[in-house]
Each structure stands twice: as C-alpha cells, then as structure tokens.
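Asker: Sequence:
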Amino acid sequence: MKCRNLDCFSGKRITVFGANRSGIAIAQLMHDCGANIALTDTRDREVLPAAMDQLDGIPVEYHLGGHEEPCIANAELIVVSPGVPLDIPILIEAKKRSIPILGELEISASLCKARIVAITGTKGKSTTTLLAAAILEAGDLFSNVVVAGNIGVPLASKVTSLTDTDIVVVETSSFQLESTVTFRPAVSVVLNFSRDHLDRHGTMAAYFNAKRKICTNQTSSEWIVLNACDATVKSLARDTAAKKAYFTDDFSNINEASDVLSHKLGSGTGARLQSKANNIGIYTYKDKQEHWICNIADMPLAGAHNVRNVLAAVVVGTIFGVTPVNMRQAILKFNRTHPAFEHAFEKVGTINGVDYINDSKATNVIATCAALESIEATTDFGEGTKRVFLIIGGLDKGNDYEPLIELVRTKVKSLVLLGEQTQDIKKAFAGCADMCHTSTMEAAVEFAWTHAKQGDVVLLSPANASFDMYKDYKERGEVFKNAVNSFKPA
89 MKCRNLDCFS GKRITVFGAN RSGIAIAQLM HDCGANIALT DTRDREVLPA
139 AMDQLDGIPV EYHLGGHEEP CIANAELIVV SPGVPLDIPI LIEAKKRSIP
189 ILGELEISAS LCKARIVAIT GTKGKSTTTL LAAAILEAGD LFSNVVVAGN
239 IGVPLASKVT SLTDTDIVVV ETSSFQLEST VTFRPAVSVV LNFSRDHLDR
289 HGTMAAYFNA KRKICTNQTS SEWIVLNACD ATVKSLARDT AAKKAYFTDD
339 FSNINEASDV LSHKLGSGTG ARLQSKANNI GIYTYKDKQE HWICNIADMP
389 LAGAHNVRNV LAAVVVGTIF GVTPVNMRQA ILKFNRTHPA FEHAFEKVGT
439 INGVDYINDS KATNVIATCA ALESIEATTD FGEGTKRVFL IIGGLDKGND
489 YEPLIELVRT KVKSLVLLGE QTQDIKKAFA GCADMCHTST MEAAVEFAWT
539 HAKQGDVVLL SPANASFDMY KDYKERGEVF KNAVNSFKPA
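Under my numbering, the first residue of the sequence shown is numbered 89, with each subsequent residue one higher.
If you're looking for bench data, these hints aren't it; they were derived computationally from the structure.
Not one of these hints is a red herring.
FRET-style restraints, in silico, Cβ to Cβ:
1) D327 / N383: 32 to 38 Å
2) E566 / E181: 35 to 41 Å
3) A319 / E149: 45 to 51 Å
4) S527 / R131: 23 to 29 Å
5) S186 / V413: 52 to 58 Å
6) E461 / E566: 23 to 29 Å
7) E566 / P147: 35 to 41 Å
8) G437 / E494: 27 to 33 Å
9) E508 / S186: 39 to 45 Å
10) D120 / G171: 18 to 24 Å
11) R497 / S527: 24 to 30 Å
12) R131 / E566: 17 to 23 Å
13) E149 / N573: 42 to 48 Å
For each residue, glycine too, the CB sits at the ideal point set by N, CA and C.
Start from the sequences, fold in the hints, and give me the full structure.
Answerer: Below is the structure:
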C-alpha cells in the first residue's frame, strides 16, 4: 500500500481488530485521517487496557465481547493488530467478501515520511533496535531519531509527527510482518531465525515467509543487513534486490561467511570480530576501509548474543555514515534503563553468593540458549562444577529443545520445571541434569534457594510462553522477582 497522504483514508469505513496498543493507536490515526472507525475485540470493555481512554470523544463504533458479523458488515478496509491471527473465521469471511485486510505496520509505514530502519529476528530485536537508535542519535545526522514498533510504541502513534528529515527504528515481529503488502524499509535487519511461534504460524515455512516480508519489496536503493553465520537468514539475500551488508562473529568462518566481508574484495559493507593486540574488537568495513569500533571487553552488554546485536547495529550506523568515534561513544554509554530490558536477563540480586537472574522474556529456545551462553562456563565439567539452576517451562509454541541440550548438559546443575506442560522438556533433557517439578513460581524459587550454593546462578529463562499461568511474560517476571526478594535478608 502506497499512500504518504493522510487524506487517502478520508471517509473510508475502517474496522480495527484488536483493542491493544497497536489497535488503539491505528484507530486514533485513522480517525485523524478522516475515516469512520469501528473497533472490535473479543474482550469486554471492563477488561480492556486503560489506553482505551485515548479514544474517548472519538465517534468509534464498538463491537466488543467477540468478533461477530456486524463488525465487518459495512467495512471497506480491515486493519488488524499484531495479536490477531489472520485465520480466524470472521477474517476468512472478510476475505470471501474481498474486504482488504492490512496490518497496523503496513498502514503506518505507508503514511510515514521518515526513513524506516526495520529490525527483526527470533531473538535480540529490542536490544538491536535500541542500539541502532543510539548509534544514529550519536551520529547527529537526522532531526529526530525515533524508536517504535514491537518494542511497545506503535508506529501509528508516531507517524503524524515525523518528517522526511527524521528516521525511525522499528522493531518488527512476524505477527506484524505477515499482514504487510508493500512494506519497504530503507534498511532491513535480520538478526537470526529459529523455531518459534508455531502455535500462530503453524509451520517453520510459514513463520519464515512472514519474516521474509521485511525485504521482499526492497529495491536497489535500499539496504538489507544479514547475519552471515545464520544460513537461513543469509538465504534472504536471494529474495531481495536491496544492497547487502553482513555481520559475523565467527572467527573460524570469517572469509567464507560472506564474500563482502573479505578484505580482498574491498568494496563490501559489514562488521565482524577481529583479534588484534590480544583484544577482540568490533570492526566495520566500507569502501575498502577498515575501522575499529570498540573492544568487546569494554561493552556494557554481556553475552555473545549481545556482541551479535552490537555488530548488527554497527552495520546500520555504517550504512548511514555515522563515524567510528560516534558509534564507539554510543555503544560504551549504552545502558539498560529502557523498559524493553526489564525481564530480559535482568539481575534481581545476589543472596548468599547466589545470583538471581530474571529472563522471563525468553519465550523461545534460542533466547534461553543466549541466556545460558551469557553465563560464564566452568573450565572443568567434572562433578560439582555446574552452576545454573534453570527454571524452565510454560506454554509450548512448538519448541525443538535440541539446541539447548549441550548447554544444559555442561552448565545446568538442576532443571526446575515450572507448570504442567513439562513432558517434552523431561524427555528432551533426560540424563542431562537433575530435574525437579514445581507447580508455582514461588516453589521453584524456594527449591533453588534451598539447594544453590555460593557461586551458583538461579536463572528464570523459560523457553516458553507464559500464558499457561500468567497474563504475559512481564507478570511472570514480576512473580519471580517478588519470590526472590522474599528471601532477601531484612
């Protein structure tokens, strides 16, 4: 969809599906564009978010408590929030009636005058989005640098204030991308791809096809940034006309990971790790120039996964011409105060020499892998050297636990299984670590507190969604933190 003009929706009858932040923001935006708005949600008004108050005074036709036929009866366009599956019966009926169905991201991007950097991946989207924004801010090349999207700020709430001298960094999920048609960012970034959200997409192919939409409309005027060490991600180079830039943290595969990272070619753009003078540093390449950005030992973000996030963000900065000095300053000053970092490898505290870490945001296997990778490995894997009490479990979205097996075997002292859906976990990790089943978070934390010794780590990194027991991962993380704090000395 190509619009750029707010008036193109004037007078249209538009039904918005989903009264969450994105739905409320797009309803407000469409009203500002002169559209006639209907809003439908499966929930009743009393349980809808307080943000609904933003629509007070706007003539919205509400269809709450379910998606019934009247909500689409007069619709000329349907706009879906990311949380609304596209295969529900009412939307299938809408397709039969040839009513266009688009996502909030598609509509918002079509109206956005600012350049868009879109970032996706199974893991690391929020961190990379904020890092890229910090680097672009440090470059002082745009009037404003704005963060939006899946990170908690709908793009719809920002587009009317953005100009062509601004830039917006948008975290994009597969749920947002699957309902796009003409979405075409100036720069797309794909961090990684692994099994997730099969409860929504059904198959890995469908999940990948949703992610692929970030780049399929791009032309040779735009850029795509790809993880050269992820074969599935790297394959996207064949699906887009965009100029390619790569990042890699793989020393052993440094030259074959991507030809554009080879010094011999000289004309590529990308970022990689390199060891010089006993320091492992991040280096960028562009126009036959190599530039040192920083040493990873000096970065404020711990973990191998965050090295990859920094590499990706540095490539974005390189594309736009941010100087190495400014990129270095942005990375070294970066902090974890943004709400997106809450429940993401968040240290809750240390009790009797045991660290307690809240990684409730880890709702898939790759995220839990990253968490375990971030905890220093012991040099001796003999008896008694494992350090981690891993609290794992929740609503399974179609997990394959294979990538976790070796990490659990070498780092996990005890698996603390949480919830009732634990049969697959028990089966996958049989013989890898001791296991304990608990029915509540409080019991899980109490078990870890009772058995952990000085130097151990108690890690909540569930590898599953939270909806079996909690409203969302945030509530799960809060319950964990409260349980940990109850054991702190008064």
